[in-house]
Amino acid sequence: MRGRRADHKRGLALVKPLKLHADRLFPADAKTRDIARALYETVRDLPIVSPHGHTDPEWFALNEPFGNPAELILQPDHYLFRMLYSQGVPLEALGVGDSEEAKAADLREAWGILAQHYHLFRGTPSRIWLDWVFAEVFGLDVRLEEETAGLYYDTIDAALKRDEFRPRALFERYGIEFLATTEGALDPLDHHRTISDSGWSGRVATTYRPDAVVDPEFEGFAQNIAAFGELTGEDCASWAGYLAAHRQRRAFFKRHGATATDHGHPSPATANLQTAEAAALFGRVKHGDASPQDAELFRAQMLTEMARMSLDDGLVMQIHPGSHRNHNRTLFERFGRDKGADIPLAVDFVHGLKPLLDAVGNERELTIILFTLDEDTYSRELAPLAGHYPCLRLGPPWWFHDSPEGMRRFRRRTTETAGFYNTAGFNDDTRAFLSIPARHDLARRIDCGFLAELVAEHRLEEDEAFEVAQALTYGLVKDAYRL
Amino acid sequence: MRGRRADHKRGLALVKPLKLHADRLFPADAKTRDIARALYETVRDLPIVSPHGHTDPEWFALNEPFGNPAELILQPDHYLFRMLYSQGVPLEALGVGDSEEAKAADLREAWGILAQHYHLFRGTPSRIWLDWVFAEVFGLDVRLEEETAGLYYDTIDAALKRDEFRPRALFERYGIEFLATTEGALDPLDHHRTISDSGWSGRVATTYRPDAVVDPEFEGFAQNIAAFGELTGEDCASWAGYLAAHRQRRAFFKRHGATATDHGHPSPATANLQTAEAAALFGRVKHGDASPQDAELFRAQMLTEMARMSLDDGLVMQIHPGSHRNHNRTLFERFGRDKGADIPLAVDFVHGLKPLLDAVGNERELTIILFTLDEDTYSRELAPLAGHYPCLRLGPPWWFHDSPEGMRRFRRRTTETAGFYNTAGFNDDTRAFLSIPARHDLARRIDCGFLAELVAEHRLEEDEAFEVAQALTYGLVKDAYRL
Amino acid sequence: MRGRRADHKRGLALVKPLKLHADRLFPADAKTRDIARALYETVRDLPIVSPHGHTDPEWFALNEPFGNPAELILQPDHYLFRMLYSQGVPLEALGVGDSEEAKAADLREAWGILAQHYHLFRGTPSRIWLDWVFAEVFGLDVRLEEETAGLYYDTIDAALKRDEFRPRALFERYGIEFLATTEGALDPLDHHRTISDSGWSGRVATTYRPDAVVDPEFEGFAQNIAAFGELTGEDCASWAGYLAAHRQRRAFFKRHGATATDHGHPSPATANLQTAEAAALFGRVKHGDASPQDAELFRAQMLTEMARMSLDDGLVMQIHPGSHRNHNRTLFERFGRDKGADIPLAVDFVHGLKPLLDAVGNERELTIILFTLDEDTYSRELAPLAGHYPCLRLGPPWWFHDSPEGMRRFRRRTTETAGFYNTAGFNDDTRAFLSIPARHDLARRIDCGFLAELVAEHRLEEDEAFEVAQALTYGLVKDAYRL
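Protein chains in written order, with my numbering: chain A, 1 to 483; chain B, 1001 to 1483; chain C, 2001 to 2483.
If you are wondering where the hints come from, they were derived from the structure by calculation, not from laboratory data.
There's no promise every hint is true.
To be verified - Using 20 Å as the maximum straight-line C-alpha spacing, the simulated EDC-like pairs for lysine to aspartate or glutamate come out as follows: (1) LYS1019(B) <-> ASP463(A); (2) LYS103(A) <-> GLU92(A); (3) LYS1016(B) <-> GLU1147(B); (4) LYS1031(B) <-> GLU2467(C); (5) LYS2254(C) <-> GLU2177(C); (6) LYS1016(B) <-> GLU92(A).
Stated by the list, open to error - What the simulated footprint calls covered on chain A by chain B, stretch by stretch (three residues with Cβ under 8 Å from a Cβ of chain B suffice, anywhere in the stretch; the number is not a length): (7) 39-48; (8) 385-392.
Stated by the list, open to error - Derived DEER-like restraints, expressed as beta-carbon distance ranges: (9) ASP312(A) <-> GLU1058(B): 48 to 56 Å; (10) ALA30(A) <-> ASP2141(C): 34 to 42 Å; (11) ASP2023(C) <-> GLY139(A): 51 to 59 Å; (12) LEU1018(B) <-> GLY175(A): 34 to 42 Å; (13) ALA2104(C) <-> LEU1186(B): 36 to 44 Å; (14) ALA2030(C) <-> ARG255(A): 56 to 64 Å; (15) ALA2030(C) <-> ALA22(A): 16 to 24 Å; (16) HIS1119(B) <-> GLY139(A): 38 to 46 Å; (17) GLU2177(C) <-> GLN116(A): 25 to 33 Å; (18) PRO2292(C) <-> ASP1479(B): 35 to 43 Å.
C-beta atoms are modelled at their ideal positions from N, C-alpha and C, and glycine is treated no differently.
Required output: the full structure, derived from the provided sequences and hints.
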């Protein structure tokens, strides 16, 4: 350890400072920046409302210390390892995956690889999020690079062992008012029960994500359906029983705080079959050997079924379509899902959503929040749809587009047709708990910058911009997600 | 009434001022803004040339006072009621539609609903257009909000009863040099005849829009074809007679000032069948029970037929493709067409237009003006096509894209490939007569801002920018529409 | 001649100055511009590396003087004559094409037509490139317009006769470190041999472009295959022999400096058939009468074959998909290929590339550089693909998008997902040798401006921006093309 510290000293003479600029992410024009800064001052300290994300409820249930830096920051973050992989770094070297090689990876070395390649992230949101975590959470004041890798590892590793870096402490320090996680339909929600039984004041809710029992092409679909029947006591060999099982699980999720469902389909196709047709379709797909056409039709039908159930139970529906999951076959076979190889697809909301909208699109009591990875649909499809149908709201820019430029494109292409009030605030959509405030801060800064541009061009009055900034940060998300 | 005025007084203490900023819509950068302002000064007062729109010729024929504020401003404007509807306002409450409930709506209350929801339009062009109308036409100096709804209603209502707010007076006050309306092929054009017989100096022309007798899926197509035959005396049971009927009506429209035709098809598909094939196709579709494929093929064939007729009679052809009309089935069944539920579609001009372009694309005497709702086609398809084919010009950003950001995207994505001189100036494309100058003013400001950016970045010389500003405002539209 | 000079004098009183502004193409904001200028100072004089282009190797082999201004600047430049054609100028009047009329065109008059229509190019990159050539290469200090056409013609014509305007002299004056040309698989590469035998220090390499023997829809495909067999001595009637012929020619091209191949397919479709299937497919297409489906499948299969050969021989693979070649049938029949009538198409890289990527996508030793004309794919498909697959790099904005706005869209839409280091520097992609430095200069200015915006918004540290500017200008292109 002493040797390491000496290394750090030596490195420090050469390394660059890490300092977050107070005006970061604001427009460069001085007059516009002044407006942005003033707007931001009124929203920077508002509580964080995180209605859609992928943190692990076990963290808040058990409140054990997080692991080491590589396990916490690098290994679960597909933004990071996909970029490293694109430049020739084997995933095993990062300790990603279940192989012997991966398990044998030296975590300190894995962290060093990230440090050596940190220049790859220049201009990406990952760099912004990580720098915030390093500076604000861990108090680091030099930039991550090869020379500072050890200093970083040691500093973060030591901090994580301290009580104030445990999950609940960070949750409170971060000013999180509400945090939704996402669980599959078969999840027992034990951690959520533990959290609510614990008397802790933090509000952590689940979200009903039934893809594994809705998508006939999901790995293990037939077994999932069997488990679904067992769990609920419903006859999931029948269409009626299968739907009843969903209703039961939705109610169960609601009791564990859920205010929303989430649906990650390959396309936004929906269908509205007659009951007999739907039952026959279910009969064809339930064994897990559906044709691609039947699989797509069943997913489509289920979106409409879910919308109808939402009308009954009040759960807000989120549709996240258009990702070609596991595009890299070799990688999928060796490493499994979620290894940075999901690639967006062109989608068609106009024809895709029509059956669902014909069925329930005019219901004022229904809320469906739409997301897209196909930015072409912002001005062509999504803003016109959300600017008309009472049930539709636009979710924030998603995944690859959860970034400064992505957010600007979203606002520029949707606002003039859908307005601000058909949008649903910000989602961090992340597993990377440490960076949640960084993500919300980025969104607040970009939104304030966008509003400032409207004010500077006299397209919006300044007093109105302050109101809109509040709405985009806090009001709209609470309203859309019924919090 | 006295009670109301007291209300107004009380309200006024709280309300916000309404003031149009002289620099609105110009870029924020000070140096760029100075250039934009200088450019704008040279085009702000140029006459309005409006070659494509949907005002009612009856207004100018009869010159009767406009109705009340709700009837004039709110009820015909689908931009307004679609947004209100998206946030849960029933159309009936606005008096929109033919139901008993709609007819019973209190217009003053309908106006109040608009006022209460006026924040929904923040950041939208509707807000910019309306504020201009309120301030410039009616002299209002407080913002529309719940507290000022009554003041607005009374002020506008009183003004509309005065002679200087009659259609012809506003037409003259607005400096309109030319105004085109749009009429179906079966329209007798009586109002246009009345206008030209009246000796009034205002130039109001019609446009030939034959969708109802060209689109086999149009409501009442078979009856329309029958009426077409009756009106023209041609045998519209035969392909030759049907085409002759078009030729006759086009000539009739030309005599009533038309310099253009307009075609609102679902797609930009064109076809160029042999005469016998076309005749057989007409035989299959003329009874109004065409298959979707035949309907699409017939519309496609008719675009090429219309282009050929344009070569003969010199009418400029406008193609407005890619809107999924009446997407909301329930709304369509209850309220009919044009209720804010038209949603853009992805389109393919490259394959779609090829048959027509193979037939007449190299004709220098033909002008076809293309519009799109699919902005993806700007740089990928439309600019390359218009930058090559002699017959093609690009219409301005259309409908949802008739907005500050929409116009910027249009210029940024088309200019580098098609240049400025393959574009066709501005269209207001509106029923909302009162706002026509606001719309042209918005376009002039945005175009000047775009040119100013080019000058500020030394991508265009300043003396050239002044020439281009004139062309975009006045020269190109007169040239493209042969005025 | 004296008369002409007098004309020039007379004209000069009226004409406008031509002066390239030192700050051209930098952002307008003063603070951002300062940063851009500082960045640009460090890259402006770096050598030109041109790894993809279409200059004629004969120029550098024979080093004869270039022809006259019209032949050199106007007639080979489809950007120029497509725009003139779009505004009604017949190609024959420019001397373009092989017709008697074209051959009879007066070149001085053709130049005059360009001058008269020079305003059409306002706001286009052609204007920027040409003005640079006029000012920097020929020392002209007045703008091209009708009045200066003669002065221009005479000045350029006279200069071209001087030794310092011969191809090799310009190559050296331009500071070109590497220049790749593109030759078909059947090309004997005599000019490249002459160049390397000549002892001249200039590095001019070829690129293997096998479209004529890979695309069954290419004109004369069957004869091309026959010639391919003859040239290589391989049995090109068999699949194995045909592949062996490719291998042989690739090796031959490598010996003439090639480090890359290039593939101009209508779509990015790839396939990976079993050998027997591929052989059977080749059997079906080799006679040049393939069905469209077979032709597409064969091209698709060949991309994967080429990728496999690249793994063996190390040639970098470039895929340029998505142009509808020769869209204007009449023009193609009268004038042949490459007459400004190629129009971009929507493409699908996600499904298209999957078979190839399944086969070789994880190979670190393979480099495939992707180009697109469909900008929608930047953020939706290309950046996510290149930000994951080790073999993929993004080529610069191509063709219509090789422009200030095009480059900004590219950086804004790709950087946040793919980063800078999965891109491959700049390509000039041009036949217009004279303008090569102008094109690289434009790219350097725009990239520095983009980086300056990131610095001004504190999204990138200034010291990092200097490193990235070097990489974008010089390092990445040498790395990606293995120079």
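Evaluation of the provided hints:
1. LYS1019(B) <-> ASP463(A): 14 Å, holds
2. LYS103(A) <-> GLU92(A): 8 Å, holds
3. LYS1016(B) <-> GLU1147(B): 10 Å, holds
4. LYS1031(B) <-> GLU2467(C): 30 Å, violated
5. LYS2254(C) <-> GLU2177(C): 18 Å, holds
6. LYS1016(B) <-> GLU92(A): 62 Å, violated
7. 39-48: violated (count 0)
8. 385-392: holds (count 7)
9. ASP312(A) <-> GLU1058(B): 48 to 56 Å: Hint holds: Cβ distance 49 Å, inside 48 to 56 Å.
10. ALA30(A) <-> ASP2141(C): 34 to 42 Å: Holds, at about 36 Å.
11. ASP2023(C) <-> GLY139(A): 51 to 59 Å: At roughly 41 Å between Cβ atoms, GLY139(A) and ASP2023(C) fall outside 51 to 59 Å, so the hint is violated.
12. LEU1018(B) <-> GLY175(A): 34 to 42 Å: Holds - the Cβ-Cβ distance for LEU1018(B) and GLY175(A), about 38 Å, lies within 34 to 42 Å.
13. ALA2104(C) <-> LEU1186(B): 36 to 44 Å: 53 Å, violated
14. ALA2030(C) <-> ARG255(A): 56 to 64 Å: Roughly 59 Å apart at Cβ, these two residues keep to the hinted range, so it holds.
15. ALA2030(C) <-> ALA22(A): 16 to 24 Å: This hint holds: roughly 20 Å between Cβ atoms.
16. HIS1119(B) <-> GLY139(A): 38 to 46 Å: 42 Å, holds
17. GLU2177(C) <-> GLN116(A): 25 to 33 Å: 29 Å, holds
18. PRO2292(C) <-> ASP1479(B): 35 to 43 Å: 41 Å, holds
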